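S.K.: Use these hints to put chain X onto chain U, whose structure you have.
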Amino acid sequence: MSKDDYDGPILEIENLSISFFTRLREIPAVMDFSVTVQPGEAVGLVGESGCGKSTVALGVMRDLGKNGQIVGGSIKFKGRDMGAMSDEELRDIRGSEIAMIYQEPMASLNPAMKIGKQLMEVPMIHKGASKEQAYERALQVVTDVKLPDPKRILDSFPHQLSGGQQQRIVIAMALMAEPSLLILDEPTTALDVTVEAAVVQLVKELGKKYGTSMLFISHNLGLVLETCDRLCVMYSGEAVETGSIADVFDKMQHPYTQALFRSIPLPGADKNARPLKAIPGNFPLPHERPQGCNFGPRCDYFEDGRCNVTDIRMAEVAGDDRHWTRCLKFQEIDWNAPMELMETKQKGEIGPVVLKMDNLKKYYEVAANALFGGGRTKVVKANETLSFEARESETLAIVGESGCGKSTFAKVLMGLETATDGQILLDNRNIEMTPIEKRDSKTVSEIQMVFQNPFDTLNPSMTVGRQIIRALEIFGIGKNDAERRARMLELLDLVKLPREFADRMPRQLSGGQKQRVGIARAFAGDARIVVADEPVSALDVSVQAAVTDLLMEIQREKKTTLLFISHDLSIVRYLSDRVMVMYLGHVVELGTTDQVFSPPYHPYTEALLSAVPIADTSVQKEHIVLEGDIPSAMNPPPGCPFQTRCRWKDQVPGGLCEKDVPPMRQMADGHQIKCHLAEDILSRMTPVIKIAAE
Amino acid sequence: MEPLSGIDITGRILWQFWPVWISLIVLFALSMRFKRRLGLYGKLFDSPIGMIGFALVMFWIFTGIYASFDLIMTHLPLSQISGLKNKGPGSPLPSPDPGQYQWYLLGGDNLARDVFSRMVKGSSIVIGIAPLATLFAFMVGITMGLPAGYYGGRLDVFLSFMANLILAFPVILLFFLLVTPEIVAAGVPNYMATVLFCFPIIFATVLLNSRYHSQPSVRTPLMSAVLVVLIWIYLSAISTDGYLVRTEGLKIPLLPNAIDLFNIAGGTLVVFVSVVFVNSPTVYRIVRGLTMDIKTRDYVAAAQTRGEGPWYIMLWEILPNARGPLIVDFCLRIGYTTILLGTLGFFGLGLPPESPDWGSTINDARKLLSIYLHPALPPALALLSLVLGLNLLADGLREESLKD
Chain U
1 MSKDDYDGPI LEIENLSISF FTRLREIPAV MDFSVTVQPG EAVGLVGESG CGKSTVALGV
61 MRDLGKNGQI VGGSIKFKGR DMGAMSDEEL RDIRGSEIAM IYQEPMASLN PAMKIGKQLM
121 EVPMIHKGAS KEQAYERALQ VVTDVKLPDP KRILDSFPHQ LSGGQQQRIV IAMALMAEPS
181 LLILDEPTTA LDVTVEAAVV QLVKELGKKY GTSMLFISHN LGLVLETCDR LCVMYSGEAV
241 ETGSIADVFD KMQHPYTQAL FRSIPLPGAD KNARPLKAIP GNFPLPHERP QGCNFGPRCD
301 YFEDGRCNVT DIRMAEVAGD DRHWTRCLKF QEIDWNAPME LMETKQKGEI GPVVLKMDNL
361 KKYYEVAANA LFGGGRTKVV KANETLSFEA RESETLAIVG ESGCGKSTFA KVLMGLETAT
421 DGQILLDNRN IEMTPIEKRD SKTVSEIQMV FQNPFDTLNP SMTVGRQIIR ALEIFGIGKN
481 DAERRARMLE LLDLVKLPRE FADRMPRQLS GGQKQRVGIA RAFAGDARIV VADEPVSALD
541 VSVQAAVTDL LMEIQREKKT TLLFISHDLS IVRYLSDRVM VMYLGHVVEL GTTDQVFSPP
601 YHPYTEALLS AVPIADTSVQ KEHIVLEGDI PSAMNPPPGC PFQTRCRWKD QVPGGLCEKD
661 VPPMRQMADG HQIKCHLAED ILSRMTPVIK IAAE
Chain X
1001 MEPLSGIDIT GRILWQFWPV WISLIVLFAL SMRFKRRLGL YGKLFDSPIG MIGFALVMFW
1061 IFTGIYASFD LIMTHLPLSQ ISGLKNKGPG SPLPSPDPGQ YQWYLLGGDN LARDVFSRMV
1121 KGSSIVIGIA PLATLFAFMV GITMGLPAGY YGGRLDVFLS FMANLILAFP VILLFFLLVT
1181 PEIVAAGVPN YMATVLFCFP IIFATVLLNS RYHSQPSVRT PLMSAVLVVL IWIYLSAIST
1241 DGYLVRTEGL KIPLLPNAID LFNIAGGTLV VFVSVVFVNS PTVYRIVRGL TMDIKTRDYV
1301 AAAQTRGEGP WYIMLWEILP NARGPLIVDF CLRIGYTTIL LGTLGFFGLG LPPESPDWGS
1361 TINDARKLLS IYLHPALPPA LALLSLVLGL NLLADGLREE SLKD
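Just so you know, the sequences run in chain order U and X. Using our numbering, you'd call the opening residue of the first sequence number 1 and step up by one each time. Using our numbering, you'd call the opening residue of the second sequence number 1001 and step up by one each time.
The set of hints was computed from the structure by calculation and includes no laboratory data. What you are looking at is a predicted structure, and each value in this text was computed from that prediction instead of being measured. Careful: at least some of the hints might be erroneous.
Stated by the list, open to error - Listed next, the stretches of chain U that the computed footprint assigns to chain X, with coverage defined by at least 3 CB atoms under 8 Å from CB atoms of chain X:
(1) 433-444
(2) 448-454
(3) 459-469
Yeah, the Cβ is synthetic: ideal placement off N, Cα and C, and Gly gets one too.
In isolation and in its complexed conformation, chain U is listed as follows:
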């Protein structure tokens, strides 16, 4: 069959069930899953980690490994049953008709092969194209994915490209054979937001241009809204709701979908007046799924004796376009009822200044030759003139993409590095030059940190309780082991973990629970300043809400100053009092949350706001796509650090942006922007995010 004379659905998955077989038991990963992808359609597959969305993709590719097996249902590709195909036919289809793009671009490219050769392989293998034809095609596709200087790119090795460029190459490779179906498995998770926005834009355009159908797997509802036509929400191995984007986002018919939307910080949520509502309980393990509805135990509308009896089938919602839901009660639930308002919280009283940074600089010297220390040394300016104040029980968000210097700043504050210049004042004591070994245990315990990766934050070979007790020991809290153990149990209470967890090993805990232990450990010595380095970015959305809430609650109780490092502007807007935007070691904007999130913006803030996907159909965004990548801190551009990507640059006369670093300008009360743009241009800026009138 040739590629073009088929006009039915590209992919039909019907009642698909996939199980993995381990020594102990059969683990059903996907159950009764159906989805249809029409030509040119983009279907999103959304769910939390472990819900089986990637397994579906692997099932379509027939790449389930040794112990995975399709135990029921069928997958039809262009009307042909893939289960009946021979290995050879499958190999033919993979790569030429179905292409897959994975999360980690570096892992998808062969590091020992030039880009051009890797791309040319595709048509040479699948179409028997000649070398010249293949090269032509590669050149064209690389141009299509908007990489600068395609000839040079084809002649380079993967490691010579940045993460964003690598992902573009992976996309190019997938498009080489003009596949009918493109499966994207979290294609942008490993990328920075502004780069992500550009890649997403590209995928959308290419999908239109080539007429490719897409199966887009993501945990991010906002991204799916931007890229897809239809959407399928998965929970614990089952599709719980499918339908068009508009139907599912605005007229959801499943309690899980509803709970999911209520747990993500959309514009309008507020930590005090309208807090997020986390989904209670935990995701069930595949072999511990409840009887009946999988979501039953966590559902607000659960009805005993009805929801937990039999398996539940998908039911069609009348009146909508192919809108299905797996809920017995969807016709009875009043979906428009306003969310039960949780108790509104008292806003914490902002106290006196606790921490003050003044002109902090941190430079690293990198020797060209590490072994003999010879050669010229290069200076990396990781932090440039950082100045700000943080007050008691205030949340200061530090926003920026990778390489902006936020980790260096945290290291200097913690005392793991000493500052090159400037000062850090903690209660008017200078601590910038005191390394952590010289700090007394009180100072150390007052500044603590919560780390990003929950799977890395706890020592895997020590019990949870032991790790907290160790922190207590080192801070000199408690006279003996019994006292420390009692205090440790109190800390577990504080982070709302059951006390039995004290004797568990970290591997027995879920991501969210580990993060709670991390928080308990940070608060072991009654920390006054807590640096939270993307504490929720690696967690699932429903868990994010709970952990964020926990942090806020502890902050209210203990009057902690929270330095919240993040790149996720939705969550920053939700919980912070003031925001500091960093780019390449510079603070480019500083102000209260309202000031930063509304015009006048710094051009970088503007782009960042536009890049963040928002899962709300009523939000209208101005699309600003930044060209290129973040410059290397080893080799920053002259003048303004942002000038290489700034879209306002031509508004500044005399090429000032390329010559001088702009001064920090005081705007309204406490609002600072580091930009050369004239006052009137700044004041003419329009908001990036508009919420359409309902």
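M.R.: For chain X alone, coordinates are given in the frame of chain U:
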């Protein structure tokens, strides 16, 4: 009396090993019964390869233990019986005393000693020395590798250079140097032992101090107790007959005989020193690499931000999480050490010539190999099966530790 037939010999040998069979059956039954509660060790019983390896290794360990109580053996390893020189397997004793075992089950060697008994006795020497020597090599490798990987920089460059230097040195030449009479007379192995045996003490001191330094009331008594014991063992180990070194020109007195716990024979000391010397650079490299990887983890950063000392981080945060690859390498390395012991024995280095260890026995039998094969085969097969067992065990452990 007639010589025994092949079936008879096999049956009698299997019967001779009865304590080992019972121990193996008990061990396996218990382990299978409780395997879900035994962590990585229990998981080993899910992998057939690991189980076979473990059975082979445990067979020789039990044999070694029982042999040191003179069980299993039919004759004494050094007793010679005239008329049995180079006699084949199953040869009867010409004039057995009452109560004496009536056959040489696997024949006699060229000094008319029982090959079977010597092989069995040899296992207790191999089992006694190889794991201990490997353990010392690990102590040295870990104590050097952790700081090299953790601090990096010049320390790393220096230590790695030293390690490469040792690795680049021809091993056999090194062994010959170590046993050259002039070098032994100058006390070089003793000095090397003095340095190398320090490492366990340093290791234990740092380990305990880093863990308990915030609670002096626990730390001081615990550390003193451990240190007194360790130092006593250390001094006992390095002093022989009241002296550290006793040669013509130089006498360094040390622990008097009255409180000297044990003496290590000169040959054994050389074996120890050379095994540690040769193996520790490789262990060092593994530990260094693992440390460099693990030190980037968040829990290490968390320990740093709460002001932990570097040795606590290295020994309590990094080392336990590097244990998987290290355990596997430990098993493999015992295998190499066993072969190395054999090599040393084969060259006539290390252990005294009458020692029944497998390497020396093979070397002895080598001289008449073209005429009499039977004295060389049993120790060779024993060595083969132990090393094979260790390799399979390491494979099984690696396979199981990678799963979930």
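S.K.: Compare the structure with each hint and give your call.
M.R.: Here is what the structure says about each hint:
{"no.": "1", "hint": "433-444", "in the structure": "holds (count 5)"}
{"no.": "2", "hint": "448-454", "in the structure": "holds (count 5)"}
{"no.": "3", "hint": "459-469", "in the structure": "holds (count 4)"}
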